[in-house]
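Once you've looked at the hints, dock chain B against the given chain A.
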Amino acid sequence: MKRLRAILFQQSDAAWRAGATRLALAGAIAVTIAKLPKGRFFQEHRDTMERLRGRPGRLPPLSARGYELLRAGTLASVAVWGVTGRRRAGLLAAAQFFWLNGHVAEFFPGSWNYNSHLNVNLLVLGAVDTSSEFALKPRPATADGVRRQSMALAFMQLGSGVLYAQSALSKLRYGGSEWFTSGRTLEGSIALLGTPAGHRVYPHKSLIKTMSWGTLAFELSFLPALVLGWRHRKALGVAAVAFHLAVSRFMGISFWHLWCQYPALFIVPSPGERALRTSRNADR
Amino acid sequence: MGMRLKPIGGVASSASSLWEKLLIGAGVTFFAVQAAHTWTDRNRWPLCSYNMFNRCLPERFAQPRVTLYDEFRSYPMLPVYGLLPLEFFRVVAICGAVYLGDDDDLKDQFTASVLKGLNDAPWQAFDEVKASYRAESPRGFTGMDVFETWIDLADYDPRAGGPLHDTKLLYSCRLPKDTA
Numbered sequence: 641m642k643r644l645r646a647i648l649f650q651q652s653d654a655a656w657r658a659g660a661t662r663l664a665l666a667g668a669i670a671v672t673i674a675k676l677p678k679g680r681f682f683q684e685h686r687d688t689m690e691r692l693r694g695r696p697g698r699l700p701p702l703s704a705r706g707y708e709l710l711r712a713g714t715l716a717s718v719a720v721w722g723v724t725g726r727r728r729a730g731l732l733a734a735a736q737f738f739w740l741n742g743h744v745a746e747f748f749p750g751s752w753n754y755n756s757h758l759n760v761n762l763l764v765l766g767a768v769d770t771s772s773e774f775a776l777k778p779r780p781a782t783a784d785g786v787r788r789q790s791m792a793l794a795f796m797q798l799g800s801g802v803l804y805a806q807s808a809l810s811k812l813r814y815g816g817s818e819w820f821t822s823g824r825t826l827e828g829s830i831a832l833l834g835t836p837a838g839h840r841v842y843p844h845k846s847l848i849k850t851m852s853w854g855t856l857a858f859e860l861s862f863l864p865a866l867v868l869g870w871r872h873r874k875a876l877g878v879a880a881v882a883f884h885l886a887v888s889r890f891m892g893i894s895f896w897h898l899w900c901q902y903p904a905l906f907i908v909p910s911p912g913e914r915a916l917r918t919s920r921n922a923d924r
Numbered sequence: 006m007g008m009r010l011k012p013i014g015g016v017a018s019s020a021s022s023l024w025e026k027l028l029i030g031a032g033v034t035f036f037a038v039q040a041a042h043t044w045t046d047r048n049r050w051p052l053c054s055y056n057m058f059n060r061c062l063p064e065r066f067a068q069p070r071v072t073l074y075d076e077f078r079s080y081p082m083l084p085v086y087g088l089l090p091l092e093f094f095r096v097v098a099i100c101g102a103v104y105l106g107d108d109d110d111l112k113d114q115f116t117a118s119v120l121k122g123l124n125d126a127p128w129q130a131f132d133e134v135k136a137s138y139r140a141e142s143p144r145g146f147t148g149m150d151v152f153e154t155w156i157d158l159a160d161y162d163p164r165a166g167g168p169l170h171d172t173k174l175l176y177s178c179r180l181p182k183d184t185a
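So the sequence lines, in the order shown, correspond to chains A and B.
All the letters of the first sequence, read from the start, carry residue numbers 641 to 924 under our numbering.
All the letters of the second sequence, read from the start, carry residue numbers 6 to 185 under our numbering.
Treat the hints with care, since some could be wrong.
Chain B stretches covered by chain A per the calculated footprint, using a threshold of three residues with CB under 8 Å from any CB of chain A [unchecked claim]:
(1) 24-36
(2) 123-137
FRET-style restraints, in silico, Cβ to Cβ [as the list claims (entries may be wrong)]:
(3) B:Ala37 with A:Arg643: 47 to 55 Å
(4) A:Gly694 with B:Ser21: 45 to 53 Å
(5) B:Ser21 with A:Pro843: 51 to 59 Å
(6) B:Leu27 with A:Gly750: 26 to 34 Å
(7) A:Gly667 with B:Glu64: 39 to 47 Å
Some residues of chain B that are not near chain A, with every Cβ distance over 10 Å (derived) [stated by the list, open to error]:
(8) Asn48
(9) Ser54
(10) Leu175
(11) Arg179
(12) Pro181
What the hints contain is simulated information worked out from the structure, not anything from laboratory work.
Since this is a predicted model, take the numbers as computed values, not measurements.
The beta carbon of each residue, even a glycine, is placed where N, CA and C say it ideally should be.
Just chain B, same shape as in the assembly:
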């Protein structure tokens, strides 16, 4: 009478079972659906088109900038990255959606939440999340201006962060003194 031994770490049968074929089909389908999202330039979590940096930038392109205020001073023309504890590209997209829209209530509400977050719950930088801006005043930030600016690659100096062209004020907010 021979004992039936369970194989350990050896070479299994080379024939694929129906179950394995189904798994392989599922994997191939997943890759195909992801590729279809790339083709249509669409992201629908968890499906991802990996379309980061896929556009050819023109020589001149728009960028949002903010000037923050506390009771002592202003912090002029900062990138928007440090306004939210999210990846920088998401912060740019959110700010664009809020401040280029027509909903003024939304802008007020969003800005108040942003300033509250900066003042009450600052965060550290990690990977693509930039550190929050910090106010010198212990009372924190009391206001914010949002600008659309244009960057021209022909004259832009990344070390100086400028020059910025055709700066246009999109939105301005000062918190009431008792809420700041």
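Isolated chain A, as found in the complex:
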């Protein structure tokens, strides 16, 4: 309980870390928005998709022009939030990005959502003033503000762990032990999506089985290791980035929009932590 309380409310240099995370998150969302399909694509396929879904969309329909305006407006709001860290800009960006990404997801709902963690993290961090660090016009953070920043960081950090735990649970429940013992899902995925490096691994079935077990081990252990070994969160963040880079190397699936936040959330030491380390070294 004491450990959880420290993670939730008393993260060291929460203001610095929240500011850095804001920059990483705003950058990831901006790239995501810039790379979305064009408005006329959605308009062209709207009728067919509606027939396929058997119902109209849950969100108000957007014309191609309306979609492009929303896209540009969301990009502008996210940029303003990124450089100011103001709460009002964050909440506006969160509302706009919710509508925009919801419109994209609604095109063909049902397949997994891919990047809705960006929406959730933007809502959580955007609702907190992070303007004391990495902002154009910095405002000093209050003690209560720092406490809220710590809570937002904890949500995003633990949320990453929950995400991996969900992924492991899903494999265990719907793939069963055969998922890991046979290695066939990874084998088939490398067959279809594999990079040249993946193709080199493809003939080595035992290596692919080992990779399957490694996936389970990583996904299952990340959340408990983060909570129980909070002091080692930097190493866990590095391990998570390495996991995604390995998947990207062999299967071409990067999940970049998740792990690009890890340096700020877990890995890069804050100025306060660096100073503490320097003073400890000096004392030795």
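Showing chain B alone in chain A's frame:
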């Protein structure tokens, strides 16, 4: 008379206010609802089950393939990924829903939109979105065949993209000359 100073960046009170307890409750509820979606294998945006790659693939499994045509040549047995500017797994799911269904009008309409998109608004690859297929002919693609094929992991060579087994034509379309 002492001035009341607003604390800056210091350690705040360790007691949680009601507001904080509500926020923590909301966070825990969100995680629990997400986990329930995982348990039921259901995605309902923005709630996500993270069920990617969760099935154990059999040794033999079906895959859609397309052959595209322009006025010069055919482009045989391509994965469907490059037909739409969406993540590859969404393209596979959409193509399956369209071409394995019974609605022939829908197939015609969807295919015409796909070919129009390929010819008029090609796109670059980015992350899980694969690049659009490009026709050699300046008039663009003029037709498409959609196949169900089977991949057997025992003999599949990913570098060669084959062999493909039990290939079955699901749908065929040639655009009228004046629309291509």
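Hints violated by the structure (listed by number, smallest first): The structure conflicts with hints 3, 8, 9, although it agrees with all the remaining ones.
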